[in-house]
Amino acid sequence: MATLRTLEIKSISGHPGTVPGRGAVRGLEIAKLVDVTTCIGCKACEVACVEWNDHPFRETSFDNSYQTMATTEWNYYNLIKFNEHQLEDGGLKWLMRKDQCMHCEDPGCLRACPADGAIVQYTNGIVDFNQDNCIGCQYCVSGCPFDIPKFNPTTKKVYKCTLCSDRVGQGLEPACIKACPTGCLHFGTKDDMKALAETRAAQLRNDSLFPLPNAGVYDPQSIGGTHVLYVLHDITRPELYGGLPANPQIALSYTIWKYLAKPAMLVIALLSLLGVFFHYIFTGPKLPQPEPPAREEEL
Amino acid sequence: MTTSVERFDEKARREFGKVGHTTVHEGELLRHPVYTRFLHWTAAISFFLALLSGLAIYSPWMFNWLTPLFGGGAMTRLLHPWFGLMFVIAYFFQFLNWLSRMIWTGSDSEWMRQLKDYVKGTHKLEPEYVGFFNGGQKLQFWEIIIGSGILLITGLCMWFPELFGRLAVAIGYVLHDISALIMLFGIWIHIYLSTVGQPGTLQSMTRGVVTRSWAWTHHPAWYRETTGRDPREDHQRAVERQTERRRVAEAWRSDRDSAARESERGPTDKS
Chain A
69 MATLRTLEIK
79 SISGHPGTVP
89 GRGAVRGLEI
99 AKLVDVTTCI
109 GCKACEVACV
119 EWNDHPFRET
129 SFDNSYQTMA
139 TTEWNYYNLI
149 KFNEHQLEDG
159 GLKWLMRKDQ
169 CMHCEDPGCL
179 RACPADGAIV
189 QYTNGIVDFN
199 QDNCIGCQYC
209 VSGCPFDIPK
219 FNPTTKKVYK
229 CTLCSDRVGQ
239 GLEPACIKAC
249 PTGCLHFGTK
259 DDMKALAETR
269 AAQLRNDSLF
279 PLPNAGVYDP
289 QSIGGTHVLY
299 VLHDITRPEL
309 YGGLPANPQI
319 ALSYTIWKYL
329 AKPAMLVIAL
339 LSLLGVFFHY
349 IFTGPKLPQP
359 EPPAREEEL
Chain B
361 MTTSVERFDE
371 KARREFGKVG
381 HTTVHEGELL
391 RHPVYTRFLH
401 WTAAISFFLA
411 LLSGLAIYSP
421 WMFNWLTPLF
431 GGGAMTRLLH
441 PWFGLMFVIA
451 YFFQFLNWLS
461 RMIWTGSDSE
471 WMRQLKDYVK
481 GTHKLEPEYV
491 GFFNGGQKLQ
501 FWEIIIGSGI
511 LLITGLCMWF
521 PELFGRLAVA
531 IGYVLHDISA
541 LIMLFGIWIH
551 IYLSTVGQPG
561 TLQSMTRGVV
571 TRSWAWTHHP
581 AWYRETTGRD
591 PREDHQRAVE
601 RQTERRRVAE
611 AWRSDRDSAA
621 RESERGPTDK
631 S
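Each protein sequence line maps, in turn, to chains A and B.
Position 118, counted from 1, in the first sequence is what the numbering used here calls 186; the numbers after and before it change by one each time, with no gaps.
Position 259, counted from 1, in the second sequence is what the numbering used here calls 619; the numbers after and before it change by one each time, with no gaps.
Mixed in with the good hints, there may be bad ones.
Taking lysine to aspartate or glutamate pairs in the EDC-like style, the calculated list, with each CA pair at most 20 Å apart, reads [what the hints assert, rightly or not]: (1) Lys-225(A) to Glu-522(B); (2) Lys-480(B) to Glu-359(A); (3) Lys-246(A) to Asp-131(A); (4) Lys-218(A) to Glu-141(A); (5) Lys-218(A) to Glu-593(B); (6) Lys-246(A) to Asp-234(A); (7) Lys-484(B) to Glu-610(B); (8) Lys-225(A) to Asp-196(A); (9) Lys-224(A) to Glu-522(B); (10) Lys-484(B) to Glu-359(A).
A few chain A positions that, by computed beta-carbon distances, are all more than 12 Å from chain B [what the hints assert, rightly or not]: (11) Leu-96; (12) Thr-106; (13) Gly-109; (14) Gly-239; (15) Ser-321.
For the record, the hints were derived by calculation from the structure and aren't laboratory data.
These numbers were taken from a predicted model, which means no experiment stands behind them.
Cβ atoms here follow ideal geometry from the backbone N, Cα and C, with glycine treated the same way.
Could you put together the complete structure from these sequences and hints?
Right under this line is the structure:
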């Protein structure tokens with residue numbers, strides 16, 4: 069991120085969207101903004117991601133779609149989901165969404181994870197996996213409402229998008245942002261990105277030629293918001309964009325049960341253990357009969 | 361069905377009896393043959409391995425220190441399902457082995473109604489209808505059967521999440537924990553009653569034998585079944601023998617004491 073105000077852009081010629089960084093206020097929380105309305109499906113972000121993370125070439129799959137593979141993979145964090153959506157009037161809309169970790173404010177993966185220090189959430193909002201501490205149980209896979217963490221069966225560790233925490237820590241933008249040629253991807257503080265997204269959504273709604281009355285910003289509050297924001301043509305139907313959940317939820321087993329589990333175990337184990345101990349103290353052993361006669365008076 | 365299971369069990373007991381053997385001394389009864397003991401300790405060892413490794417995963421906040429026992433967190437996670445599988449397999453054979461003895465009967469329901477007396481130790485002798493296993497043992501047996509069924513199914517869901525899906529893992533995780541906790545609750549009672557709580561019980565799973573007095577005290581109907589004798593009568597006879605022995609011993613002691621007194625007095629008379 070450039071810190072010199074002299075490099076902040078005021079306006080751009082021929083730019084399809086709003087100007088990034090206008091009126092920016094620097095804060096702690098960062099966010100990535102994906103404006104799907106300006107994505108052209110070039111997959112530059114996919115390549116940049118593979119390149120920066122030093123992942124080897126992996127086989128792609130073909131399923132009558134332009135999509136590189138079905139889902140993100142343990143060594144393919146970033147995937148554009150292509151969806152050919154049939155409109156009511158018979159027209160076709162090609163919806164493209166860059167899919168990656170959403171870096172939730174309330175991360176389901178982190179809640180589900182039983183391994184100490186395997187998943188960390190930074191104050192800037194990045195949720196990062198620390199594979200050294202990962203035990204390979206894959207609870208995070210079931211904890212994630214976006215189906216993002218992926219298991220590597222060879223190393224028995226789980227991997228996902230890091231939001232380029234290694235780059236962001238050095239004041240750089242994530243690799244995907246740097247590669248995007250259309251201005252579809254933006255990076256900055258959460259407040260800035262939110263403001264930018266809302267501006268863009270309003271622009272889409274109020275367009276004089278092709279107004280999109282349902283255009284809106286995807287920042288699901290059911291998980292406290294995310295640090296990846298989407299501007300969608302139709303915010304009422306996020307499922308169209310490669311199965312983006314309208315109301316992402318973390319399973320109750322990872323919220324309620326997680327907090328009940330420890331006291332439940334202590335209570336159950338101690339009840340029984342103390343129970344038998346005091347049973348011995350109070351009533352003593354049950355001996356085969358006839359036992360040797362008692363010499364003292366019982367108290 | 362039942363007959364083929366019985367045939368299998370008999371063959372297994374025979375084969376294991378060739379490898380190991382159980383010596384029954386006078387005054388003792390065979391309770392658990394080698395096969396049963398082998399299954400019991402295989403299940404017991406795998407239970408504790410699964411318990412310790414499981415606790416480390418269940419609540420690392422408290423039990424992270426257990427992971428080095430198994431070679432670190434990742435290794436603990438890798439081994440835990442295998443320990444669990446070992447337990448389930450061992451207990452499956454124990455299930456076949458004990459099925460006929462574990463059938464719930466009316467007398468077990470009666471035993472459960474008298475549970476309060478059992479816990480308080482009101483009666484020195486168990487009721488006469490208590491057979492090879494009492495109601496409590498049967499209850500624990502069936503709890504383990506149902507519990508390990510749940511542990512197996514949910515465990516497989518968590519072992520292979522890619523086959524069973526996210527929801528199965530999220531639900532299975534809770535059921536797995538609860539089943540394990542119920543078994544954890546039961547295990548202390550089992551260990552307590554089979555060792556210090558009821559002395560003479562542990563040797564039934566080590567040497568395989570119990571004393572006759574143990575049998576008529578804790579499992580009178582089984583005593584009747586194996587020896588063909590009346591447990592209450594034999595107990596009464598033992599009580600009488602004990603009283604008789606005490607009488608004889610006291611008589612002998614008083615004889616000896618008076619003899620000693622006389623011999624002390626003897627020399628003083630002479631001098």
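Flag every earlier hint the structure violates by its number, smallest first. 3, 5, 7, 15
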